[in-house]
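Trainee: Numbering-wise, the sequence shown is residues 1268 to 1492 according to this note's numbering.
None of these hints come from the bench; they were simulated from the model.
Treat the hints with care, as some may be off.
Said to hold, decoys possible - When the alpha-carbon atoms are kept at most 25 Å apart in a straight line, the in silico BS3-like pairs for lysine-lysine are as follows:
id: 1; residue 1: Lys1387; residue 2: Lys1371
id: 2; residue 1: Lys1271; residue 2: Lys1426
id: 3; residue 1: Lys1333; residue 2: Lys1353
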Amino acid sequence: MEKKVSIVKAFDYGIYLLRDTYWQVVWPILILGFIESLQVVTRNYIFFIPLIINFLRVAVLYSIVKYILYLAERKHCNWYAMILSKEKYLNLFYYSTLVFLMFKLIMFSNDALNIAVIDKALLILIIYLWIRFYFSAFFIVDHGVNLVQGLRLSYEITKGFLFTMAIFFVVFILVNLSGVIIIIIGRWIVTYPLILVVSIYIYQKLIDASNLDKQYKSNKKSIKN
1268 MEKKVSIVKA FDYGIYLLRD TYWQVVWPIL ILGFIESLQV VTRNYIFFIP
1318 LIINFLRVAV LYSIVKYILY LAERKHCNWY AMILSKEKYL NLFYYSTLVF
1368 LMFKLIMFSN DALNIAVIDK ALLILIIYLW IRFYFSAFFI VDHGVNLVQG
1418 LRLSYEITKG FLFTMAIFFV VFILVNLSGV IIIIIGRWIV TYPLILVVSI
1468 YIYQKLIDAS NLDKQYKSNK KSIKN
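Assemble the whole structure, with the sequences as input and the hints as a guide.
Mentor: Set out below in structure tokens:
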């Protein structure tokens, strides 16, 4: 199978799916927006409070991912499709804690060392890790794997797609910035829903193009070539 994922087709699919499911996708994302505003307010609080808020954000975000996966297959589902098993929430907690501590460590290193070369090296490291492990939590909510398996599977499906994912990373930033420029809430009602659906499309296409076991292969008819 040819390993090719089109960013243009991904956005075409995102628009196609949102055309029929827009408000079903947007209303939980508005809740996510409220939680992210709490992150800003509590970022200088005692350590465990930002950690808890971060887990809450991750839990809601990837519950929405699961919800969109159902929508992609059925075009309609009830809100309780977002509810995850306690095992998935536990693994999302591990995932959110890992991400939280990693960024805290990077911020601490940046403040302590304050060296331009190290700043650039850390930026490159962050981008690389973002690309290779971006889909870890997708596997947790979609296939019920643990954190280590999720990291391994994400690393596996992005192998050979560093350039494609780097382009997606740039487009991701530009689309989010456009939402903020239009109006602050534009990020939550326009750009964020689109980016989530596009991410799910790319996730499923990368699985289909990978050498993973059949148990992980996408069989969702709505994901079009």
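Trainee: Is the Cα-Cα distance between lysine 1333 and lysine 1353 25 Å or less?
Mentor: Holds, at about 14 Å.
Trainee: Taken at face value, is the distance from the CA of lysine 1371 to the CA of lysine 1387 at most 25 Å?
Mentor: 17 Å, holds
Trainee: Lysine 1271 and lysine 1426 were given as a pair; does the straight-line alpha-carbon distance stay at or below 25 Å?
Mentor: OK: lysine 1271 and lysine 1426 at ~12 Å, within 25 Å.
Checked against the numbered hints above, the structure breaks none of them.
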